Amino acid sequence: MAINTAVNDVSVEISVVLGKATMPIHQVLKVGRGAVIELDASVDDHAWIFANNKLIARGEIVISGEKVAVSITDTMSDE
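Each residue of the sequence shown is one higher than the last, beginning at 136 in the working numbering.
Worth double-checking, as some hints may not be accurate.
Unchecked claim - Derived DSSO-like pairs: lysine-lysine, alpha-carbon spacing no greater than 30 Å straight-line:
| no. | residue 1 | residue 2 |
| --- | --- | --- |
| 1 | Lys189 | Lys202 |
| 2 | Lys155 | Lys202 |
| 3 | Lys165 | Lys155 |
| 4 | Lys155 | Lys189 |
| 5 | Lys165 | Lys202 |
These aren't lab readings, by the way, just hints derived from the structure by calculation. Computed from a predicted structure; not experimentally measured.
Assemble the whole structure, with the sequences as input and the hints as a guide.
Below is the structure:
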């Protein structure tokens, strides 16, 4: 039972990457509310899912009511 409690207390940071963009620093400093940053991805591309900065899966973005979610489509193996 102590092991289960210890595992439940571990935090994992999950990040979902939809795409990337490269910008000069002067443009980054000018970005404000409502700005649109174009990414190198299209609507049909997968999102990349990372756990503690390690790629673990790919997924598709879905809308669930008022929330944005990710549906996992593939998991990465350590092969």
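### Task
Please work out if Lys165 and Lys202 have their alpha carbons no farther apart than 30 Å.
holds, 28 Å
### Task
For the pair supplied as a hint, Lys155 and Lys189, confirm whether the alpha-carbon distance does not exceed 30 Å.
holds, 17 Å
### Hinted pair Lys155 and Lys202, Cα distance within 30 Å
holds, 22 Å
### Message
So if I understand the rule, the pair passes when the alpha-carbon distance is 30 Å or less; does Lys189 with Lys202 pass?
### Response
holds, 25 Å
### Message
Please verify whether Lys165 and Lys155 have alpha carbons no more than 30 Å apart.
### Response
holds, 18 Å
Figure legend: structure checked against the earlier numbered hints; every hint is met.
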